[in-house]
Amino acid sequence: MSCESDFIYYRCPPPEDIVFPEVIISAFTETGKTESSIEVPLQRSYTGRHPVIQSSLADTPCAILGIQGVLVNLNATLGTSYTLDTPSLPSILKDCIEKNYDFGTAYGRLRQIWYTDDWSNIRDELHGRNCIVDPRLPPRRLWDLYSNRVVPWWTVDDVRDICEWLWPISHAWVDEKDPIEVMTPINEYKWSVPIPKDTTLDLIRIEMLNLGLQYTWLDVLCLRQKGGVKEDLRVEE
186 MSCESDFIYY RCPPPEDIVF PEVIISAFTE TGKTESSIEV PLQRSYTGRH PVIQSSLADT
246 PCAILGIQGV LVNLNATLGT SYTLDTPSLP SILKDCIEKN YDFGTAYGRL RQIWYTDDWS
306 NIRDELHGRN CIVDPRLPPR RLWDLYSNRV VPWWTVDDVR DICEWLWPIS HAWVDEKDPI
366 EVMTPINEYK WSVPIPKDTT LDLIRIEMLN LGLQYTWLDV LCLRQKGGVK EDLRVEE
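Under the working numbering, the residues of the sequence shown are numbered 186 to 422, in order.
Keep in mind that the hints were calculated from the coordinates and are not lab data.
Each residue gets a CB set at the ideal place from its N, CA and C atoms; glycine is no exception.
One thing to keep in mind: the hints can contain errors.
Claimed, not checked - Computed spacing ranges between beta-carbons, pair by pair:
| id | residue 1 | residue 2 | range |
| --- | --- | --- | --- |
| 1 | Glu373 | Pro200 | 29 to 37 Å |
| 2 | Lys279 | Val204 | 41 to 49 Å |
| 3 | Pro226 | Ser273 | 43 to 51 Å |
| 4 | Ile249 | Glu201 | 28 to 36 Å |
| 5 | Leu408 | Gly254 | 28 to 36 Å |
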């Protein structure tokens, strides 16, 4: 089940002749639960032709894939045929390995620039955007549903566009006794995420994909929580 929407954003749009393969993300492959056991219909399965990856691929360390393996999977997911002869691309992929990214993290950071016409300055631009401090205070992080990773807001390019198409969702209203705390690669295990006992982040992701979203903002996932890495930054954020 899937639906098309106007909430698909590309900083560098893919060429018109690219046709993405059909992707199926099911509750069974993501959580091991049978679809019939999932009460919310939109959380059972997603089928669509957007470059969405399964969690098993997202969780694979780039170091295991190697530079060539990362490139092969990016090409397969995004319908391109880049080679290691593409200027600057090998150094960008090497950075992903040196920073201990898994494939989902690398994909979430590179997808929006993947169809660029000029790779020569992409590495410097990525570094520069990572250092941006913007007085308009956009969300610091977004949940990229395609890569299933929390990504910095700057990966989406223009902060002024974010609030126009971003759908926020919240589980912070749940009583503190009701949720369970989970550690997840979605936010690089940086803090535990409290979620209701009757769902999982993977099921929420499937539901949001079925609603046509590419990015969303889930408070407990995108805002630093108690007891996580760099706890001293939580109040500031």
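Report task. Give me the numbers of the hints this structure contradicts, sorted from smallest to largest. Result -> Failing hint: just 2.
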